[in-house]
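Chain order of the listed sequences is Z and Y.
Residue numbering for the first sequence follows the working numbering, starting at 1271 and increasing by one per position.
Residue numbering for the second sequence follows the working numbering, starting at 220 and increasing by one per position.
By construction, these hints were calculated from the structure, which means they are not laboratory data.
Treat the hints with caution; some may be incorrect.
Below, a sample of chain Y positions facing chain Z; criterion: calculated Cβ distance under 8 Å [what the hints assert, rightly or not]:
| # | residue |
| --- | --- |
| 1 | GLN403 |
| 2 | THR405 |
| 3 | SER407 |
| 4 | GLU427 |
| 5 | GLN430 |
| 6 | PRO432 |
| 7 | GLY435 |
Glycine residues also receive a C-beta, built at the ideal position from the N, C-alpha and C atoms.
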Amino acid sequence: MIRSLYTAASGLVTGLRMQATVAENLANATTTGYKGERAAAREFAGVLARSVGNAPVPVPLQLQTTLGRLGTGAFVNGRSVTLETGTPRSTGQPLDAMIQGEGFFTVQAADGVRYTRDGHFQRSQTNQLVTADGALVLDTNGQPITLATDNVRIDGAGQIFRRDVVDVIDADGLPATDVAETLVGSFGIVTAGADELVRAGASQFTLVPGVQAAPITLGGDSTLLQHTLEESNVQVAESATQLMSLSRAFEASQHVFTTINDTLRAAVQDVGRVSSR
Amino acid sequence: MTSSLDAALSGMLTHERGLDLIANNLANVSTTGYKRAVIHFQDILDSAQVLAVLNGEVPAGGAAVTSAGVGVTNVVRDFASGPIQPTGRALDLAIAGDGFFRVRQDDGSVAYTRAGNLSLDADRRLVTADGDVIDPDMVVPADSHDVVIGRDGSVSAVRLYTAAELAALPPDAPTGGVLEQIGQITLSRFATPTGLDAIGRNLYVETERSQAPIDGAPGADGMGEVHSGFLEAANVDLATEMTMMVLTSRAYSLNLNAYRTIEQMLSSANQLAS
C-alpha cells in the first residue's frame, strides 16, 4: 500500500514537470521564431503482480499465480521541439527575414555556431549582419555577411542584393536614376532533425555532440521571405487547454494520494484498536 | 520545480514591457516626427544546462534543457518615414528622405530630430518646438520677415528696403522688400539609424552603433529634400499598434493564468501531508 503512495506522487511530479513545458511555451507565445516544446509522459516499467494468498510458507516459486502487470506511475520521458513553421508577420523592415518551410539560419554566437529561426537582423557598427543579440549571421561559406546599407533585396533563395541608386543616361540621352543590384552573399541555411537540436537560449539552437547540420538550398520547398518575421509556433489555445487538463489531472492524482493516505492512516490508527467504549 | 513559475512570471514581465512600449507609441500617435519603437523577445535559458548537454554530461534530445522563460532582447526604433501632412506654415519642414535636422543642445553637443516644426525664438534664431537651436545657427535679421525655405534647404527672408534703397528704386517698382538668403539648413544621415539613442523630446544622439553622421545639404546623397509647409507625422499605425496591444495583453493574461494554475498546483502539493 505504501507503494501506491509513490505511484500517486509520481503523477503529481509528472503534472508539475509537464506544466513547466506549457508555462515556457506560453511565456514565448509572442517570441519571434520560437519553437514550442512538447513534453511526453511515460509509464515507469511496471512489475509483475503475483498472488501469494493461499500458498504455503515459504512460497515455492512455481505455485505463484501471475495476476498481471502492476503499474508504478509515470515520469516525463523527454521534451521534443516542434518544428512547424509559425505564422508569417509582415514588418516592412528590409532586414527582417523568415524561412518559409524547413531550415535554420546559421549564426556565430560568442560561444560557437548556433542555428536560429529568428530572422530579426540588423547591421552592426562594423556593417556586419547580426541577430538581435549581436551574433554574426553567416553565409553559405560560413563567413559573416557585410552590408553597407539597409537598402537590400533578399530573394526567395536567400540571396542578399545590395541596392544602390546610380545615375544613368536613359534612351533619350537624358540623365536618370536607376537601381543597381549587387549580390553580397547568401544566407547559410541548414537543416537538422528535432531530436538533434538543443536549445541554446536567445531563440537559438545548437546540435547534440557529433551531429552535423546539413546545408540546404532554398528556393524549393523552403523559401525565404523578406520584410517578414516568423511568429512563435506555440498554439495558444492548445497550450491553454493543456494548462487546464494538466491541472485537473494533477488534482486527480492528489485525490488518489489523499485517499491512499487516509486509508493508510485508518490502517495505522484504527485497525486493531480496542474500542474505548 | 519553481522554474515553471519563473517562466510564467518572465512572460508577464516581458509582455508588460511590451505593453509599455505600445502605450508609448499610441500616446505619440500625433507627435510630429515620432518614430515607433518595436520590441523584440527571445527565449532565455540557463547556459550551464546547455553546456552540460554539449559536454555530454546530460543526455540530449531537448529533454535536459529547461528554459527560464522569455526576455526582452532589444527595442528597435522603426525609422520608416511617417506620412507627410500639409500645414501651410512656412517654418514647418518635412524631410522626404533619410536625413535628420541637427539641433544644438545646451551643452553644445548636437542631437538629431525628424520634427521640423520650427519657429523663431526671442533672438530671431530658428529653433525647434522645444526651443533647441537649429545647427548651424540661422538668424533672421530684425529688418526681415517672411522666411522662405527652399527644397535644397536654403533659408531666405524678405528684407525691407532701407531708406536709401527706396529712394533709388524705379518709380513703379514694388516696395515690399528684397528676398535674401540668410542661411542653409544642413541635414545629417546615419549608416545605421537604428543605432541612434533616443533621449526624449523627439531627439536622438549618435552612438558607436549608429556611426558618425554624414552631413550634407538637403537633396544630396539620400538625404531627402525638405518641404516647407509640411510636417512628418508619427509613423505609428493605429491599426498595427492596437492589434499588437490586444495580442500582448492576451499573452499577458495567458501567462497570468499559467502562473495561477501552477501556483494552485504547488499549493495543493504543499497540503498533501496535512
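Exercise. Of all the hints given earlier, name the ones this structure violates by number, lowest first.
Key: 1, 2, 3, 6, 7
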